[in-house]
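Trainee: Residue numbers (the working numbering), protein chains in the order written: chain Z, 86 to 403; chain Y, 9 to 331; chain H, 1185 to 1439.
One or more hints might be untrue.
[As the list claims (entries may be wrong)] Anything over 10 Å on all C-beta distances counts as not near chain H; from chain Z, calculated:
| id | residue |
| --- | --- |
| 1 | N97 |
| 2 | L188 |
| 3 | L232 |
| 4 | I369 |
| 5 | F377 |
[As the list claims (entries may be wrong)] Residues from chain H that face chain Z, not an exhaustive set, calculated with beta carbons under 7 Å:
| id | residue |
| --- | --- |
| 6 | R1270 |
| 7 | R1276 |
| 8 | G1280 |
| 9 | P1303 |
| 10 | F1403 |
Read the hints as simulated data drawn from the structure, not as lab findings. Ideal Cβ positions, reconstructed from N, Cα and C, are used throughout, including at glycine.
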Amino acid sequence: MLSGTAVGNICNVSAMLSRESIALAYPAISVSVWVIGLAFAMLAGGIMGLVVSYPALRVKEEWFLSMILLVGGETFRIVVTNTPQIGCGFNGLAGITTPFYWLSSYFPSGPLQAEVPTGLYAAVIVALALGCFVFAQKICNSPYGRLLKSIRDDKVAAESLAKDVSRVRKQIMVIGSVMAGLAGALYVYYIGVATPEDYIPALTFSIWVMMILGGFANNRGLLVGTFVITMLDRGSLVSGILLQSYLANLNPNLIVYGRYMVEAVILLLLLVFRQKGIFPETRIKTKAYTLFDFKKNNNAEPSNSPGEGPQTGGAASG
Amino acid sequence: MLEWLAGSILLSLFNGSIYVVVSLGLTLTLAVVKLPNFAHAEFLTIGGYVGVIVSSAYPDNLLVIGAAAFLFCAAIALAVHRVAFKPLMDRKVSIYILVLASFAVAQFIRYGVFSWASVAGVLSATQNIKVYSLATLYNTELTNVYALAIVLAILISVLLELFLKLTTMGKSMRAIASNFDLARISGINVPRVVDVMWIIAGGLGGLGGMVFGIYTTVTPVLGFNTLLDIFAVVIIAGLTSFTGTIIGGYIVGFSQNTLMDFLHYYFDVSFGYQPLLPFALIIIILLLKPTGLAPSSQTGLSLIRRFARRSSSNPKEPEPPKE
Amino acid sequence: MTDENVLRVQGISKSFGGVTAVDNVSLAVKRGSITGLIGPNGSGKSTLFNLISGAEKKNPGGSIEFEGRAIDGLPPHRRSALGLGRTFQTPRLFTGMTVLENTMLAPRGQKGERPFVAPFRKRWEGQEIELAKKAQEQMTRLEIDKLYGKLTSEISGGQMKLAQLSTALMEDPKMLLLDEPTAGVAPRLAQDIFQSITDERQQKGTTFFIIEHRLEVLFKHVDTVFVMHQGRIIAEGRPESIVKDKKLIDAYLGS
């Protein structure tokens, strides 16, 4: 338990500096703290998903679910902000370094000193993101993906086929929350500070826009959507800086507000004109199609011998 | 002891009254077009800022300021309906899409206000309306803002009830609320009624925001910060019950003030947790009645219904059941 | 314990507001039979199916037993897991999925339906191909195999009926409740549908309980018929005797 004084001790500036110096001096500690941090973040994300799924899955109308999730998120933010014991309250916890911060002691002072550890860490993030993408692709293109889509389309019909709808929903909320927890932890180690005020509903909104822009239930589309919205985000910041050299009294906040407004307009336009997003939903790619596609490609008459399907697994059918 | 109680109750009544005025608009939206409009709270922000602007030209002129807030927000609501919601509703999209669209509208308005306010230098502003004490009860001052809000809530409730029960437009609105398709084939000019509905809904949001803005500082997140409170109100109300909305408004008002003060003084709970109380109401009600307080029931929650029956001084009847 | 009745319904009712849709219904369906349920529109047939499958909750009182086990307390998916399948009057298909995906969804116990098995393709692919072959046979028999890659939102009403039947049969249920399987289907295909129902019964011993308005087709294939009228079972018997009962036919056509 952290008493009031202990809280002061980990939240103040000297604690922040000592965290940084430890990270610099002990690579092993630095990396293992990061790994443990990620593990805990994923665990916490999963637990949070499980907790929120309890009320969320017991409501009848679809949109109550979005409200429960909004309530869940805001509850968490308010609790963290007002309970300094959790994460140093409103100001957050600073002095969090990337796991490769210690590398900077091997470089002479200059741009490389800062860029190499950060760049390396960015590469790790990209790799992990790719891993999540592959995982998502795999579970979507499987009988489980079929199950998920069926529940989305018609819960009652899925139940009539002996599918345990609430269990699957719980599972997928936990999986999604674990990924979100991972993402949050990766982000915090990157920017070096964890504050509750970074995770406002506008962030959730950006993620929705990414998702719908790319196309519902299309992971590749999601990559494109993420790319576009991230470019909009970074691009607007860069152009803001560039513009400031011409317009001296440009309010930098306007760029941020403008971006949020553009995202809202993009989402509205998508909803009105192209709900499918850029890329429409695709088939669930399993081997099941090969039997049928094979027949179609050969333009054969309906054959009585189903054994001509390719690949393994034919033994038990005789 | 309990020296905080009188002030706390008064504040609860004030907050509850604001919630009633604003939430009646949302209840109307839910009843007539079945839209959980997450942009509704933004009308509050706009109303607050209209109050800031108009009160600088007409200080203390509540009638002019209030009318301006009502009309401007009504115009915004109508525009939002025409531009965003109507095209979607005409296509009979799912409620999920409509909810997303209302979030988009909310975000657009919120950051539009942010942009304007940061250029105009009014990210935090006050209205030019004098607040003075009317009477003192138990060391608690009853100010004109409190009185205004409470009177306004009663007035709006009664007027809305009369409008819905007595006028042709109001009757059409109720007909659409109870059966959209039947209303359409029976010759009601649905688009016009829906337009009027949006004017009232937006106007009430703006009016509530303007009165709230006399009491508190107006910021671009004035509305957003009350979004879930307002939704707590309509959830308690079972989404479409006007009586329920009035009761729900005061339940949320009391939970945020009197209950919060009680928790603070007796259990040392920090005021920072105050927003959690309406959240708890949302979760508890949705769990106690997992059907989501279906609109088929008259006031949604039997608990509330019993409460409503007991307080028979209430002049209103529940809405006819929706099918 | 072997019971010749696979389904036993004892005194169940269902009312909506003031209207009693199902009024104290008792019936038993024999194992391996094809049993019909007929009656005018609004007589409560579909509601009865909903009560049996669990899509709606019955009024307190009465019991529903499936294979000698009380199922009225179970949620729909558990009932279906016991082998009690159903179709819906207006087809409820998964409209964002293709006909093949709909059919492939049905089989129980798919290894790849567990989230932590799903990423490992090798562990479920064998089973997937097995099921795909079965689906292909099934769909060929119902003549919807050419539609395999079409979304179910893009096919005709009759084809939807067939896709739904194909999905329900893929589940290998012990008993299948079919709600108007031939409505909107071409007459020739209606015959074929009942033929495949009979075949299915012969091969697997599946029990069928069928709501149907095409009496001429139904009566050719059923063993027993229940007649429902205003929420009650008013007659039960072999199709020949039902046809002969002039009063019943009048009641049926008259309302």
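Trainee: Now look at each hint and say whether the structure bears it out.
Mentor: The hints, checked one at a time:
No beta-carbon of chain H is positioned within 10 Å of the beta-carbon of Z:N97; the least distance is around 43 Å. Z:L188, annotated as away from the interface, keeps every beta carbon of chain H farther than 10 Å; the closest lies near 33 Å. Its beta-carbon lying about 5 Å from the closest one in chain H, Z:L232 breaks the requirement of being farther than 10 Å from that chain. For Z:I369, the shortest C-beta to C-beta distance to chain H comes to about 6 Å, within the 10 Å cut-off, and the non-interface label is violated.
With 10 Å as the threshold on Cβ separation, the claim that Z:F377 sits away from chain H is violated: the shortest Cβ distance comes to roughly 4 Å. Nearest Cβ of chain Z to the Cβ of H:R1270: about 5 Å, under the 7 Å cut. The hint holds. Given hint, H:R1276 at the interface with chain Z, holds; its Cβ is 4 Å from that chain's nearest Cβ, closer than 7 Å. With a least beta-carbon distance of about 5 Å to chain Z, the hint placing H:G1280 at the interface is held under the 7 Å criterion.
Because the closest C-beta pair between H:P1303 and chain Z is about 4 Å apart, less than 7 Å, the hint holds. Hint status for H:F1403: violated, given a least beta-carbon distance of 27 Å to chain Z, over 7 Å.
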